[in-house]
Amino acid sequence: MDISVLMSSDEYKTIEADIESFVKEKLDGYKPSRTTGKTIHDPVWGSVEYSDWEMQLIDSPLFQRLRDIHQVGLAMLTYPAARHSRFEHSLGVAAAAKKMCEKISKNSKRCPFKKNDKNKVYLAALLHDIGHGFYSHLSESIYGEFKAFDKLITKFKRMLKRKPKAHEALAFIIINTETFRNFFFENINYPDKNECQGYLFSDVGKMIIGANIEESDEVYSFLTAIINGPFDADKLDYIKRDSHTAGLSLSYDMERLFTKIVVHTVQNESRQTEYRLVIKFNGVTAIEELTFCRIMLFSYIYYHQKVLISEAMVKDYVHGLHRLGIIREFSDFLRYTDSDILKLAKQQGNKSPFPKYEMLNLEKLALNIANRRLPKRCFEISQSNVENIAEEPKFDLTHQCQILAEQCKNGITAEELQSRIELMIFSLRNQETREDKVLLDSLYNELGKVTFEAMLALRKKFYIQLANEYSKAGKAVNFNMFDVYIIVPKSANYGEAGDSVILGRNNKDLLQINDFVKLDDWAASFNSNKWRGYVFVSEHIDLSIAFKVAQKFILKGKARVKKPTSYMKVDL
Amino acid sequence: MLTVLAERELTAYDFMRCLFATLAKNKRSIINKSAIVKVIYDFQEAMLRENNHDVISMFDDIEFRKGIDENVVSYDINEVINNLQTFGVVGKLNPTYDKLFIYLTEQEADEILSQYNQEVQDTMSLLAGCFAGE
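So the sequences go chain by chain: A and B.
Last residue of the first sequence? That's 562 in our numbering, and every number before it is there in order.
Last residue of the second sequence? That's 141 in our numbering, and every number before it is there in order.
Incorrect hints may appear among the rest.
Heads up, simulated PhoX-like pairs for lysine-lysine below, C-alpha to C-alpha not over 25 Å straight-line [to be verified]:
no., chain 1, residue 1, chain 2, residue 2
1, B, K45, A, K480
2, A, K305, A, K465
3, A, K465, A, K480
4, A, K520, A, K137
5, A, K270, B, K73
6, A, K508, B, K40
7, A, K520, B, K45
8, A, K151, B, K99
Simulated from the structure, these hints should not be mistaken for lab results.
All of these numbers come straight from a predicted model, not from anything done at the bench.
Using the sequences and the accompanying hints, generate a full structural model.
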């Protein structure tokens, strides 16, 4: 697939023009003065050497901007030391990529890197997060809901067969703008840059979004895998760094992983020769540990209830800024960084961001976020803390057999008999295996995967019910719909277990991680137990009334929460 | 001003819950987990060959990665299966058992299917038919 077709599409061009203006602002007047490399000390990777061209790029205002984007968004409100930024993470990914390249060269029979391949990998590692906006993944979940962006991602998917994450798509666009390319080739001492002007940034862009680099009948998937793959430099860095700063004792055997990675040559289905990054069979334990660490990070940090509620508050805030025209373009998500964004509320005046609904005071909201005055949890739901109320109709096998015997006596066609037996087997199996499982799917469908727009309507509905209960209890309604938050997240993905990246004992066959250990089943089972959905209300709201309304609103009388006081501070 | 999505198109989650509901409706309560991605991928490829754009657009939220040999991987489908497991739609009877059990009753399956238009339902019926040999 020719990437230039994608880049000349209307969907791409619309966003590119906006992003180009931002890149121009950032690079305007910057001329690198440094001509030497530097050693930078890092708590994860130790002393790392960066070459002259890397330092010229790192020194640029476009890259320095990452210093003010927190790596784990608002997790610092829960883990105060987790204040590290995308800047040090990007340096760390480059450090990890250097180490991977060095080990791959050492471990592989024949050095798979062609001239300047390693520099291309380091460049992609440094730039892989250049598309992140304020609060990292939080802002991408907001602009990802804009129609034009949704269309762009669909375009990527249809043309490249890759569905990049929103920040990866923005990174791709940034580094392929004319302004950035001109800046790079005119100012940065990148080795042999005149030879690679035509393809360098489309290759780096592909590596960032996870697409392979191909040349006639050869596929260099290992280059992409170092940046965006099952055990890429990004994961190697963020797992160490995020757990370290949060104070969590999570660790994987990095040395073992490095000694076991090699590039293996395979013929793919299109008869191309693919150079694939794999790990020898006896390195699979390192992959297990890596997966385990990721699961723990999701559970402890990214999906912590306080992190989820602070993110929900920021979503209200940023959508509010957007409705007021304070944030107008995609580039604004890049232009404003963490320390700027909460200051923008001052521009609200007395305008209502959501005129269809109640007034949302953005300045007050920003203050609450900054001072960590977070709403309280009044309702928590999980697979283990709910039970069905409605008695499920029991399937009576004896009775069903009697009916069938009667029908047989009176004459029944072979098709009807088959259909009846199939139904009986299905019903019996279903009853036996459902046990006390509660179907939470409709809950996720109605409350979890909805857009911000749809969620506003749901919160309004909840607010009306809560206000009614307040009135019934003779209490004054001293809140509005923006004091209520419904959060039903999806569980995290650990889908790499199906990739053929394990080199068998015969040094020939490639196996899936699942062939050794059912890693994804194990992860899914863990997730099922750890997953939680929540309703939060502002702290001045009566939690016991809010709990009753939430239970009715969410579970619709079909199920109830078991022992709620063991999960929440509610007085029932 | 940028326009915000009012609602999502057919997501990978919608796609898979609708497929499982159709399978339950067809009284297929047990399916081979390892076959799911390949069957869906082959179906998509067939639709691509037929240039059936309406159906192809239903795959917009699902990415496949083709490996060597017949191995096809889809992080999106795996993620949705994990989520559907969390939300009680499907599950495994024990960890080493490769089969996935669909917990939906006929009535629950009907309820899910009623949330999607006829075109989606027809496509899922076609796709569910591809699981016959699995």
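Here is how each hint holds up against the structure:
Taken as a hint, the B:K45 and A:K480 pair is honoured in the structure, with Cα atoms around 24 Å apart against an allowance of 25 Å. Proximity of A:K305 to A:K465 is assessed by CA-CA distance (about 30 Å); at most 25 Å being required, the pair is judged violated. A C-alpha spacing of about 35 Å is found between A:K465 and A:K480, which places the hinted pair above 25 Å, so the restraint is violated. Between A:K520 and A:K137 the CA atoms are separated by roughly 33 Å; this puts the pair beyond 25 Å, and the hint is violated.
Proximity of A:K270 to B:K73 is assessed by CA-CA distance (about 21 Å); at most 25 Å being required, the pair is judged to hold. The suggested pairing of A:K508 with B:K40 holds, with an alpha-carbon distance near 12 Å, which does not exceed 25 Å. For the hint pairing A:K520 with B:K45, the CA-to-CA distance comes to about 29 Å; that exceeds 25 Å, so the pair is violated. At most 25 Å may separate the alpha-carbon atoms for a hinted pair to count; A:K151 and B:K99 exceed this at roughly 31 Å.
When the structure is compared with the earlier hints, violations turn up for hints 2, 3, 4, 7 and 8 and for no others.
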